[in-house]
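Visitor: The primary structure of each chain is shown beneath.
There are 2 protein chains.
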Amino acid sequence: MKLITLQFDHSSSEPLYIQLYNYLKNEVTTGAIAAGEKLPSLRKLSKDLGISITTTELAYSQLLVEGYVTSRPQSGYYVAQVAGAAPLMEFPEKNKMEFEKYTFEESPYRYDLSCFDFGKWKKCASRILNDYSHMLLFESDPQGEAALRFEISKYVYKSRGVIASPDQIVIGAGTQQLTGHLCRIMRKMNIGHVATEDPGYVPVQNIFRDHGFSITKVPVEADGIKIEKLPANIPTAVYVSPSNQFPTGSIMPVGKRYRLLEWAKENNSFILEDDYDSELRYFGKPVPALQGLDRDSRVVYLGSFSSTLFPAVKISYMVLPKEMTPIFHAIKSDYTQTCSKTEQLTLALFMEEGFYYTNIRKLRNLYAQKLQVALAAFEKYGDGIAHPANKTNSGINIILKVRTKKAPEVLCEEARQIGLNVLPLASLTDQDTAGLIFYYNQIPLDQIDSSIKELLALWAA
Amino acid sequence: MKLITLQFDHSSSEPLYIQLYNYLKNEVTTGAIAAGEKLPSLRKLSKDLGISITTTELAYSQLLVEGYVTSRPQSGYYVAQVAGAAPLMEFPEKNKMEFEKYTFEESPYRYDLSCFDFGKWKKCASRILNDYSHMLLFESDPQGEAALRFEISKYVYKSRGVIASPDQIVIGAGTQQLTGHLCRIMRKMNIGHVATEDPGYVPVQNIFRDHGFSITKVPVEADGIKIEKLPANIPTAVYVSPSNQFPTGSIMPVGKRYRLLEWAKENNSFILEDDYDSELRYFGKPVPALQGLDRDSRVVYLGSFSSTLFPAVKISYMVLPKEMTPIFHAIKSDYTQTCSKTEQLTLALFMEEGFYYTNIRKLRNLYAQKLQVALAAFEKYGDGIAHPANKTNSGINIILKVRTKKAPEVLCEEARQIGLNVLPLASLTDQDTAGLIFYYNQIPLDQIDSSIKELLALWAA
Numbered sequence: 001m002k003l004i005t006l007q008f009d010h011s012s013s014e015p016l017y018i019q020l021y022n023y024l025k026n027e028v029t030t031g032a033i034a035a036g037e038k039l040p041s042l043r044k045l046s047k048d049l050g051i052s053i054t055t056t057e058l059a060y061s062q063l064l065v066e067g068y069v070t071s072r073p074q075s076g077y078y079v080a081q082v083a084g085a086a087p088l089m090e091f092p093e094k095n096k097m098e099f100e101k102y103t104f105e106e107s108p109y110r111y112d113l114s115c116f117d118f119g120k121w122k123k124c125a126s127r128i129l130n131d132y133s134h135m136l137l138f139e140s141d142p143q144g145e146a147a148l149r150f151e152i153s154k155y156v157y158k159s160r161g162v163i164a165s166p167d168q169i170v171i172g173a174g175t176q177q178l179t180g181h182l183c184r185i186m187r188k189m190n191i192g193h194v195a196t197e198d199p200g201y202v203p204v205q206n207i208f209r210d211h212g213f214s215i216t217k218v219p220v221e222a223d224g225i226k227i228e229k230l231p232a233n234i235p236t237a238v239y240v241s242p243s244n245q246f247p248t249g250s251i252m253p254v255g256k257r258y259r260l261l262e263w264a265k266e267n268n269s270f271i272l273e274d275d276y277d278s279e280l281r282y283f284g285k286p287v288p289a290l291q292g293l294d295r296d297s298r299v300v301y302l303g304s305f306s307s308t309l310f311p312a313v314k315i316s317y318m319v320l321p322k323e324m325t326p327i328f329h330a331i332k333s334d335y336t337q338t339c340s341k342t343e344q345l346t347l348a349l350f351m352e353e354g355f356y357y358t359n360i361r362k363l364r365n366l367y368a369q370k371l372q373v374a375l376a377a378f379e380k381y382g383d384g385i386a387h388p389a390n391k392t393n394s395g396i397n398i399i400l401k402v403r404t405k406k407a408p409e410v411l412c413e414e415a416r417q418i419g420l421n422v423l424p425l426a427s428l429t430d431q432d433t434a435g436l437i438f439y440y441n442q443i444p445l446d447q448i449d450s451s452i453k454e455l456l457a458l459w460a461a
Numbered sequence: 001m002k003l004i005t006l007q008f009d010h011s012s013s014e015p016l017y018i019q020l021y022n023y024l025k026n027e028v029t030t031g032a033i034a035a036g037e038k039l040p041s042l043r044k045l046s047k048d049l050g051i052s053i054t055t056t057e058l059a060y061s062q063l064l065v066e067g068y069v070t071s072r073p074q075s076g077y078y079v080a081q082v083a084g085a086a087p088l089m090e091f092p093e094k095n096k097m098e099f100e101k102y103t104f105e106e107s108p109y110r111y112d113l114s115c116f117d118f119g120k121w122k123k124c125a126s127r128i129l130n131d132y133s134h135m136l137l138f139e140s141d142p143q144g145e146a147a148l149r150f151e152i153s154k155y156v157y158k159s160r161g162v163i164a165s166p167d168q169i170v171i172g173a174g175t176q177q178l179t180g181h182l183c184r185i186m187r188k189m190n191i192g193h194v195a196t197e198d199p200g201y202v203p204v205q206n207i208f209r210d211h212g213f214s215i216t217k218v219p220v221e222a223d224g225i226k227i228e229k230l231p232a233n234i235p236t237a238v239y240v241s242p243s244n245q246f247p248t249g250s251i252m253p254v255g256k257r258y259r260l261l262e263w264a265k266e267n268n269s270f271i272l273e274d275d276y277d278s279e280l281r282y283f284g285k286p287v288p289a290l291q292g293l294d295r296d297s298r299v300v301y302l303g304s305f306s307s308t309l310f311p312a313v314k315i316s317y318m319v320l321p322k323e324m325t326p327i328f329h330a331i332k333s334d335y336t337q338t339c340s341k342t343e344q345l346t347l348a349l350f351m352e353e354g355f356y357y358t359n360i361r362k363l364r365n366l367y368a369q370k371l372q373v374a375l376a377a378f379e380k381y382g383d384g385i386a387h388p389a390n391k392t393n394s395g396i397n398i399i400l401k402v403r404t405k406k407a408p409e410v411l412c413e414e415a416r417q418i419g420l421n422v423l424p425l426a427s428l429t430d431q432d433t434a435g436l437i438f439y440y441n442q443i444p445l446d447q448i449d450s451s452i453k454e455l456l457a458l459w460a461a
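Here the protein sequences line up with chains A and B, keeping their order. Read in order, the letters of the first sequence are residues 1 to 461 in the working numbering. Read in order, the letters of the second sequence are residues 1 to 461 in the working numbering.
Certain hints may be false.
Pairs involving identical chains hold if they fit within one copy or between any two copies, as the list cannot separate such chains.
Stated by the list, open to error - Derived pair list, reagent style DMTMM-like, types lysine to aspartate or glutamate, alpha-carbon separation capped at 25 Å:
#1 K122 with D141
#2 K362 with E57
#3 K332 with D198
#4 K322 with D449
#5 K120 with D131
#6 K265 with E454
#7 K391 with D449
#8 K122 with E139
#9 K229 with E139
Derived by calculation from the structure, the hints in this document are not laboratory data. None of these values were measured; they are calculated from a predicted model.
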């Protein structure tokens with residue numbers, strides 16, 4: 001048995017038993033005392049070190065609780081085998097200040113906490129962690145949690161006329177994830193061709209390209225994608241955002257939606273309907289989703305919760321048409337679910353309790369007001385420098401046309417300096433443009449007018 | 001102005017003002033009263049309907065709060081423009097029972113809630129939702145939250161000797177996600193070839209295949225992948241799990257690790273080191289990670305939190321070598337973060353507070369005991385039917401060789417009937433095998449012996 005030689009530091013504020021505990025822990029983790037070795041008895045060690053039995057016992061108990069030693073009845077204390085994996089046992093020092101530094105550094109923008117009721121969300125999250133924590137001990141279904149798919153099924157029907165059983169719904173962490181699944185499904189169906197809107201939303205095109213799909217760009221008109229320019233006689237998936245085309249903002253009227261469905265049917269093709277922001281329409285009647293008009297199972301419907309909950313929640317979903325559903329079921333076990341299971345279940349409760357519906361109504365009111373104030377401010381102060389590129393009546397941002405010699409990146413950086421979130425349009429579209437995306441949704445209502453005034457003065461300087 | 005004709009149901013338990021509110025809401029949402037139209041004055045409507053002014057005022061106030069009408073001072077109430085998007089306004093009926101049904105249906109397995117301290121996790125999550133909720137109003141960095149990358153940087157150094165600045169760390173929802181990023185990075189570097197272990201972990205191979213990489217399978221020996229069989233003179237990324245090869249359980253000794261690093265350097269190739277389960281080693285000293293031995297920036301290190309937190313958390317990370325880091329930084333804005341930002345921040349706090357370290361120590365103790373009881377039970381009861389396929393001393397499962405005429409799927413279903421989680425090995429490896437993966441980690445310690453006895457009796461029947 002190794003001799004235990006420890007010099008106590010009697011001037012230290014650390015109790016003797018902690019000093020003994022630290023010493024022994026170090027001996028064990030460094031291997032100085034080997035696994036399986038017996039420790040001296042309480043009586044012997046206390047005598048050797050000149051301390052009370054209680055002190056030694058406290059140190060041993062702590063080591064026992066933490067698993068560094070085991071105890072055998074009528075025999076004594078032994079160094080545990082688990083101690084092998086040593087370095088991990090060290091606690092890193094607390095670094096609260098660094099956590100604060102990292103977290104606050106990342107919020108350079110103004111924000112409006114009234115956009116979301118985190119209290120209600122927390123209530124639902126707590127219920128999941130308290131009452132359903134056993135579910136968190138298993139991975140999420142690659143298709144998404146059944147409880148959430150059920151809520152989505154009810155919701156898309158009520159809000160957008162989309163007809164979907166929970167079985168047809170697939171949940172993923174963002175549209176890019178779901179597009180990845182679509183690529184895999186379409187490959188199995190021998191579809192290798194995708195048509196996208198031009199100009200259109202580029203990030204999603206990258207996914208198709210990564211998966212080796214060929215891409216045809218099809219021009220967008222005032223009423224959406226130009227149907228006559230779509231590929232014919234070759235199975236194609238056309239990616240469209242008919243309810244709020246990005247970045248033109250064009251809306252496809254019902255008549256044209258039927259013509260697009262006709263095209264899909266005639267050419268054995270599919271429509272990938274991105275219905276982002278569909279909940280955030282502020283004026284006029286919404287046009288029903290293509291999916292609900294479809295009688296031939298030609299539409300994949302894509303939706304997301306990012307704009308109507310809070311942006312850090314990445315929960316998107318798609319509704320597969322009948323032909324694709326069994327193909328996904330056959331491959332799904334090869335892929336893991338990317339969406340947090342806790343957040344999926346929290347959202348299911350949040351919807352089931354009606355909080356989601358209350359929140360959309362609240363957001364719609366608040367954002368409609370913010371949009372009107374922002375548009376008015378650009379009209380008041382924007383003369384000659386910046387004005388909205390199209391008639392926006394939905395969403396969370398305004399697309400700006402800017403006339404200045406400054407590069408878009410400079411304009412965005414100037415916006416950031418005063419806490420405004422502005423992105424170069426070129427980063428999201430395939431347009432060669434000096435356009436900018438101005439996010440008004442997170443600016444508190446009473447700051448919108450003055451911030452836009454300030455911004456335009458900065459840009460003009 | 002449209003005439004308001006409402007027959008109150010005086011026998012209903014609903015107050016009159018709610019009946020009026022519902023009636024008006026319906027008129028507004030169906031468009032029967034158009035946006036912008038003025039509602040009758042309080043006095044007039046009350047008189048027309050024969051109710052008190054207070055009742056009418058309550059109904060109007062409710063409509064005002066919910067945004068169906070607006071009020072103009074000195075003028076009156078007008079139907080709001082936001083009302084257009086009608087169907088959404090309907091609350092779905094509560095369906096608590098269905099939520100319960102969906103959530104409980106999915107937990108057919110035994111579970112052990114003592115595996116994770118959900119209370120501590122909830123405490124951290126609450127702090128994020130209370131004190132840092134402004135951060136949740138912005139999307140997560142595609143690379144992962146800085147605060148968590150900082151914690152991981154400290155952690156991997158302490159636990160595995162991995163040297164990584166937060167800048168080199170990329171966070172994603174699972175190894176498959178990160179492998180997707182790796183594919184994109186390697187494409188930019190003109191690496192189109194991957195070598196994988198045979199037998200090996202198949203789900204990750206699917207990702208490489210989806211991205212069009214060619215794959216060479218390299219046999220695994222008792223000490224890991226056969227280095228002489230690795231491709232030479234062609235830039236290759238070899239995917240290995242040197243600390244606990246799946247499914248053989250082989251461990252690559254330090255000497256061979258250096259030889260593998262040498263191979264990478266000589267052939268301008270890279271090593272993708274999957275260090276899953278590295279924290280859960282129960283006996284013997286851990287072998288240091290390849291990444292920490294690497295002097296030529298040839299190793300991508302992949303780790304995950306799924307086994308050491310709870311399986312529903314999908315947070316994985318990788319450490320990029322120097323050459324790959326700027327390439328990822330250049331492409332990252334094209335891809336969205338899949339990992340929940342709330343969970344990333346919660347984990348950063350959980351680590352910073354030391355809870356993560358406490359939990360690993362607890363798990364290591366608990367699982368080591370569970371493993372010993374499970375192995376003893378298979379020795380006692382498994383004779384002729386099932387025995388462990390290799391010497392397991394880490395992880396959360398045991399790989400079983402089974403001798404019976406029943407198909408693996410039948411054996412798994414029989415296990416499921418008594419709440420045990422068993423998977424066919426063939427679903428995760430490219431081996432033609434009747435082997436099974438038996439998860440012991442979630443079975444309460446005091447049920448392990450009896451459940452295995454019960455299981456083997458079922459299988460033998």
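Visitor: So which of the earlier hints does this model not fit?
Guide: Of the numbered hints, 4, 6, 9 do not hold.
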